[in-house]
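Asks: Listed below, chain by chain, are the residues.
2 protein chains.
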Amino acid sequence: MEKAGTFSVLARDGAARRGRLVTAHGVVETPIFMPVGTQGTVKAVGPDDLHDIGARIILGNTYHLYIRPGDELVARRGGLHRFAAWDKPILTDSGGFQVFSLSALRKISEEGVEFASHLDGSRHFFSPEKVVSIQKNLGSDIMMVLDECPAYGVDREYTKKSLDMTTRWALRCREAYPQGSGDQLLFAIVQGGFFADLRAESAAQLTPHPFDGFAIGGLSVGEDKALMLEMMRHTAPLLPEDKPRYLMGVGTPLDILRGIAAGIDMFDCVLPTRNARTGTLFTSQGKVNIRRAQYKEDDSPLDPACACYTCRTFTKAYLRHLLVAQELLAYRLNTIHNLAFFLDLAAGARKAIEEGSFAPFMAGYEAIYDD
Amino acid sequence: MEKAGTFSVLARDGAARRGRLVTAHGVVETPIFMPVGTQGTVKAVGPDDLHDIGARIILGNTYHLYIRPGDELVARRGGLHRFAAWDKPILTDSGGFQVFSLSALRKISEEGVEFASHLDGSRHFFSPEKVVSIQKNLGSDIMMVLDECPAYGVDREYTKKSLDMTTRWALRCREAYPQGSGDQLLFAIVQGGFFADLRAESAAQLTPHPFDGFAIGGLSVGEDKALMLEMMRHTAPLLPEDKPRYLMGVGTPLDILRGIAAGIDMFDCVLPTRNARTGTLFTSQGKVNIRRAQYKEDDSPLDPACACYTCRTFTKAYLRHLLVAQELLAYRLNTIHNLAFFLDLAAGARKAIEEGSFAPFMAGYEAIYDD
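Protein chains in written order, with our numbering: chain A, 1 to 371; chain B, 1 to 371.
If you're looking for bench data, these hints aren't it; they were derived computationally from the structure.
There could be a bad hint or two in this list.
When chains are identical, the list treats them as one kind, so a pair holds in a single copy or across two.
[Stated by the list, open to error] No more than 25 Å apart at the CA atoms, straight line, and that leaves these computed lysine to any residue pairs for SDA-like: (1) Lys296 with His118; (2) Lys296 with Arg82; (3) Lys43 with Thr278; (4) Lys43 with Arg291; (5) Lys225 with Arg68; (6) Lys43 with Ala325; (7) Lys160 with His64; (8) Lys296 with Arg68; (9) Lys160 with Ser8; (10) Lys296 with Tyr177; (11) Lys296 with Glu72; (12) Lys296 with Ser122; (13) Lys43 with Gly279; (14) Lys160 with Asp197; (15) Lys287 with Ala85.
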């Protein structure tokens, strides 16, 4: 068994990389899309469904699992893998993003962040050391450092102070879990808001240190797509060549392809799962809003190019009926398909990079999708 | 291929029967429990899940499917089997029960029943001929006649008039779809409320006619369990020996065993699916309310005697977490298990009857369950 953390770039096509990351629960082939499993389950699907569509690594959410059912309870169950019956890799975020987006009454200090639970308002405190301890309890394959994720539109001065503190927090996380002290990996998070020079400064502060991978945070908060892409393209090449790069919380199929083109290896986003539950489905022929009356009598599969259970088995007419009738099966079938689409996108990208045909591969999606 | 409607009793143990009913979509081994698929899906599970737990025949609901998506739309899709991707037998009820329980503004006449849609209040009319036409459109293997299902506590005079009309409606259904005119079967429904002599009269009126099976209706409405059982035990032996007998909408595991002991062959009930969604789970060790705090750290399977996906894969602690966190996966996993329990109950009963050990088999459940 190879050592957890080993990352190799197997092929390149422009800046796009075809890689391989070893974790304690198996190898992750990159570029990869990681379905989001906030509360210890990817919403609406089971591990059986995830296996069927070839999911290789899923996310767990530190904030949510800490609040409920509690990381110590999960640890007593043998960790998140055993608790959730998922034997493949898991990445846990640091909880920072949720603390800053879900919890109104937060108080940030050098020591960490105090916040109120979104469930019962009870007060809690996350320090860098605490989120490492929680993630150790969860037993994830990849842990993320605690970072401050400033809101969109925050000024330069605040952003600069914030990224400096995020660096200090990252180093405290690394200290709390020195590289090689176990088989969990720890990724740092580059911040710096929407200021190119601050992004560069954050990367310069973090990359000399022995993290197992580097993430770009804070780019899923904005509304300005062009600016987000500019920051992403600016930041990606500032990250080490020999470590995995992870763009947090982004995005649409095209965003993911743009990220891959910029040299990003790992992606997560609630878009496919959340959109599935409202009926916006991604297909090889574009987006389908399955609620629309035009699908009432449509006996074709959702996506003829897709091999998922939903597309192999059901018609658009039936999927529309299920969603309109608010049947629970709708959420599962739609989620299976949307995740299959995002996983197929990543698998197609891996193959295209190997074959040196990533640009035409991406152009195929640009011909169908426009955001 | 044997002729649809062929019913053979393979073994007996007391009044309990081990039978075999041929339908256009395959053989149904009886006694059988039929999961309820109101709107063209058994709530929270897919056909894949139903296959896995060995479901052999499911219910569809004439009223709901007529209202949405519409029986004619389903017919244009090739019928309910193709629409819902379920290739095994389907029984459709007549819609009568829903019209009488869901629709406040109903007007009953000899011709049929006028009612308001529970969705938009639009006015509709079900006649015996109409519900046969709807069920022909749905293409179910077993159709039910339109019956009036009087509310609990209705007086003798009303009940007598009602059962007489139910008989006339049943004969109009048979006339609209003469036996042998297609491979769909048609079952009549014995009514008569909670009056033993009226039950006998209803049975006497209906059983001379060429129906493919006989159901006992109107026994899922009461609150008096002893009276329900008395009526069931009184009515079952009044039904022909050589036709399948179906107790509609009943009930608990013990009720089903009591029905089997009385010579009933077929059962349906929303109990396992509805209870699954609120966390009341049936196990070989009794009922489990999975929300209870006592299961917070319980790493044992829900039911060690059960081989379903839920019990093979997850712990009580995880199932509790999913339900408390209102995760959609909870509904699927709980439903898979509860249905597996009811299907195993029926399978166990079949084996016990074959082996002449039905009484001790039933006693085993009586030792665990008390209603």
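Asks: Now tell me, hint by hint, if it's right for this structure.
Replies: Taking the hints in turn, this is what the structure says about them:
With identical chains, the CA atoms of Lys296 and His118 are at most 25 Å apart between copies only, with a shortest distance of 21 Å across copies and 39 Å within one. For the identical chains of this complex, Lys296 and Arg82 are inter-copy neighbours only, at 15 Å across copies versus 42 Å inside a copy, given an alpha-carbon limit of 25 Å. In this homomeric assembly, Lys43 and Thr278 come within 25 Å of each other (Cα to Cα) both inside a single copy, at 13 Å, and across copies, at 18 Å. Taking identical chains as interchangeable, the C-alpha atoms of Lys43 and Arg291 lie at most 25 Å apart whether they share a chain (20 Å) or sit on different chains (19 Å).
Taking CA atoms no more than 25 Å apart as the test, Lys225 paired with Arg68 passes in neither setting, with 34 Å inside one copy and 40 Å between copies. When the C-alpha separation of Lys43 and Ala325 is checked against a cutoff of 25 Å, the pair qualifies both within a copy, at 19 Å, and between copies, at 11 Å. When the C-alpha separation of Lys160 and His64 is checked against a cutoff of 25 Å, the pair qualifies neither within a copy, at 28 Å, nor between copies, at 60 Å. In this homomeric assembly, Lys296 and Arg68 come within 25 Å of each other (Cα to Cα) only across copies, at 11 Å, whereas the closest approach inside a single copy is 40 Å.
Taking the closest pair of Cα atoms, Lys160 and Ser8 never come within 25 Å of each other, the shortest separation being 33 Å inside a single copy and 82 Å across copies. Taking the shortest Cα distances, Lys296 and Tyr177 never come within 25 Å of each other, neither inside one copy (55 Å) nor across copies (29 Å). Taking the closest pair of Cα atoms, Lys296 and Glu72 come within 25 Å of each other only across two copies (12 Å); inside a single copy the shortest separation is 48 Å, beyond that limit. Taking the closest pair of Cα atoms, Lys296 and Ser122 come within 25 Å of each other only across two copies (20 Å); inside a single copy the shortest separation is 47 Å, beyond that limit.
In this assembly of identical chains, Lys43 and Gly279 lie within 25 Å of each other by CA distance both inside one copy and across copies; the values are 14 Å within and 18 Å between. Only within a single protomer do Lys160 and Asp197 lie at most 25 Å apart by alpha-carbon distance; the minimum there is 10 Å, versus 87 Å between protomers. Within a single copy, Lys287 and Ala85 get their C-alpha atoms only as close as 32 Å, which misses the 25 Å cut-off; across copies the closest is 24 Å, which meets it.
Checked against the numbered hints above, the structure breaks hints 5, 7, 9 and 10 and satisfies the rest.
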